[in-house]
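So you can see what is in the structure, the chains are spelled out below.
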Amino acid sequence: GRPILHGYFRSSCSWRVRIAFALKGVEYDQLPVNLIKDGGQQLTEEYKALNPMQQVPAVEIDGTTLSQSLAVIQYIDETRPGPRLLPADPKARAQVRMISDLIASGIQPLQNLYVIQKIGAEKMQWSQHFIDRGFQALEPILKQTAGKYCVGDEISMADICLVPQVYNAERFKVDVGKYPTIKRLNEALLEIEAFQVSHPSRQPDTPDDLRA
Amino acid sequence: MHGHNFCRTLCQQSELTTRCHLHFTLVLNADLRPILHGYFRSSCSWRVRIAFALKGVEYDQLPVNLIKDGGQQLTEEYKALNPMQQVPAVEIDGTTLSQSLAVIQYIDETRPGPRLLPADPKARAQVRMISDLIASGIQPLQNLYVIQKIGAEKMQWSQHFIDRGFQALEPILKQTAGKYCVGDEISMADICLVPQVYNAERFKVDVGKYPTIKRLNEALLEIEAFQVSHPSRQPDTPDDLRA
Chain U
1 GRPILHGYFR SSCSWRVRIA FALKGVEYDQ LPVNLIKDGG QQLTEEYKAL
51 NPMQQVPAVE IDGTTLSQSL AVIQYIDETR PGPRLLPADP KARAQVRMIS
101 DLIASGIQPL QNLYVIQKIG AEKMQWSQHF IDRGFQALEP ILKQTAGKYC
151 VGDEISMADI CLVPQVYNAE RFKVDVGKYP TIKRLNEALL EIEAFQVSHP
201 SRQPDTPDDL RA
Chain X
1 MHGHNFCRTL CQQSELTTRC HLHFTLVLNA DLRPILHGYF RSSCSWRVRI
51 AFALKGVEYD QLPVNLIKDG GQQLTEEYKA LNPMQQVPAV EIDGTTLSQS
101 LAVIQYIDET RPGPRLLPAD PKARAQVRMI SDLIASGIQP LQNLYVIQKI
151 GAEKMQWSQH FIDRGFQALE PILKQTAGKY CVGDEISMAD ICLVPQVYNA
201 ERFKVDVGKY PTIKRLNEAL LEIEAFQVSH PSRQPDTPDD LRA
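Protein chains in written order, with the UniProt record's numbering: chain U, 1 to 212; chain X, 1 to 243.
Read the hints as simulated data drawn from the structure, not as lab findings.
Backbone N, C-alpha and C define an ideal beta-carbon position, used for all residues, glycine too.
Where hints are given, some of them may not hold.
Claimed, not checked - Between beta-carbon pairs, the in silico distance windows are: (1) X/G113 x U/T79: 39 to 47 Å; (2) U/K173 x X/N65: 35 to 43 Å; (3) U/V26 x X/E170: 30 to 38 Å; (4) X/G94 x U/N34: 47 to 55 Å; (5) X/K204 x U/A49: 47 to 55 Å; (6) U/T79 x X/K179: 20 to 28 Å; (7) X/K179 x U/T64: 19 to 27 Å; (8) U/Q128 x X/K214: 34 to 42 Å; (9) X/E153 x U/A49: 29 to 37 Å.
Required output: the full structure, derived from the provided sequences and hints.
Written as structure tokens, this is what we have:
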């Protein structure tokens, strides 16, 4: 059977996996998990059985269930043909992981839904702070590593992480113009079909008022 | 004078500090051994130390004291190495890398010795899933920077996020674990687990609530690579915490 993605249209971590599937040309099904409705469908016992961390995404693939978007993406890369999602050169590969982890460990977890619900009233300020902090670090790194894309001239997992994080930044009203390399890369990547077809505005669970 | 200019370029500052001078000396070291910029008690630094030890790779350490002088990770000198101003950063093979899991996988892919990730893609995905659950889902919510922002509630906050992560990790490990986190070979998942349990204990989380985590941690702490890299045995371990 085809892989099944349990995700949410606006979850940046889910979007990363959707981009990876699109880049590899892998058809998959979606079972949306509404993070807001019914107190959050990720908190059901049913979903907990798929992902005990009670977060999206979770992916059923090849008879197993995986969580953690970067583990899923690298599994897809290692088992499916098509363009590489990580470069062949070990140093470049390390740079791709470094950039991906800066985003996936250093920024997104500090502004995801669970955390900002705990922060409460200050959540906008808190989220902006951590996104700005991460982007302030990412900008000089990308100046070093980027060619046409985040690392050299081939699309990689780093680009897959960058675009959804910029989308989050914009949702939290961070001025991405302060980060010209990030801005430039994001704009170039949004021209690519895999980044468009997977966009939050085009998913089965996108609400009508946010649909492209 | 030549050394001073080198340091000024490398460290982007005009004052030749003791640390900068030591850095210069190491960089010119004929062995060109990797240099780890870390802190004895940083769990992310400890992960890298374990990886080097498992691979039998000799390396030098340039400690970065996260508390002293308002935090040495906040100097312009260190920012040039890692713009995120966190430890660890590793100088290796003529490049500087940050993000411990990126470093560990680079070491695995370029050095001989026991694999740090299994050959089977599904098992490899499980190793990364467990590693990321810790490295994205737990540790960033209880690291120094964040708990400084949280302030007075930091103990409660940290316990909450560690417990939340361990509550998820326990059933996952029940599925994946053999002798170690994933099957019977030591992997990056084990490298992430032990330092996170150490953190849990520092924040007074009762790890006994998580029997698989407890069992794995105890088995791993018997292994030399996890002992020689332990926070109690580092060049910058304070005397009162030294093993």
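Hint check results:
Separation of X/G113 from U/T79 is about 26 Å and departs from the stated range, judged on CB atoms against 39 to 47 Å. U/K173 and X/N65 have their C-beta atoms about 36 Å apart, which keeps the hinted 35 to 43 Å range intact. Separated by about 32 Å at the C-beta atoms, U/V26 and X/E170 satisfy the suggested range of 30 to 38 Å. For X/G94 and U/N34, the Cβ-Cβ distance of about 49 Å falls inside the hinted range of 47 to 55 Å, so the restraint holds.
The supplied range of 47 to 55 Å is broken by X/K204 and U/A49, whose beta-carbon atoms lie about 30 Å from each other. One distance hint, 20 to 28 Å for the beta-carbon pair U/T79 and X/K179, holds here, with the actual separation near 26 Å. Between X/K179 and U/T64 the C-beta distance comes to about 21 Å, which sits within the given range of 19 to 27 Å. In this structure the supplied range 34 to 42 Å holds for U/Q128 paired with X/K214, their Cβ-Cβ distance being about 39 Å.
Against the hinted window of 29 to 37 Å, the Cβ-Cβ separation of X/E153 and U/A49 comes to about 32 Å, which satisfies the hint.
Checked against the numbered hints above, the structure violates hints 1 and 5; every other hint is satisfied.
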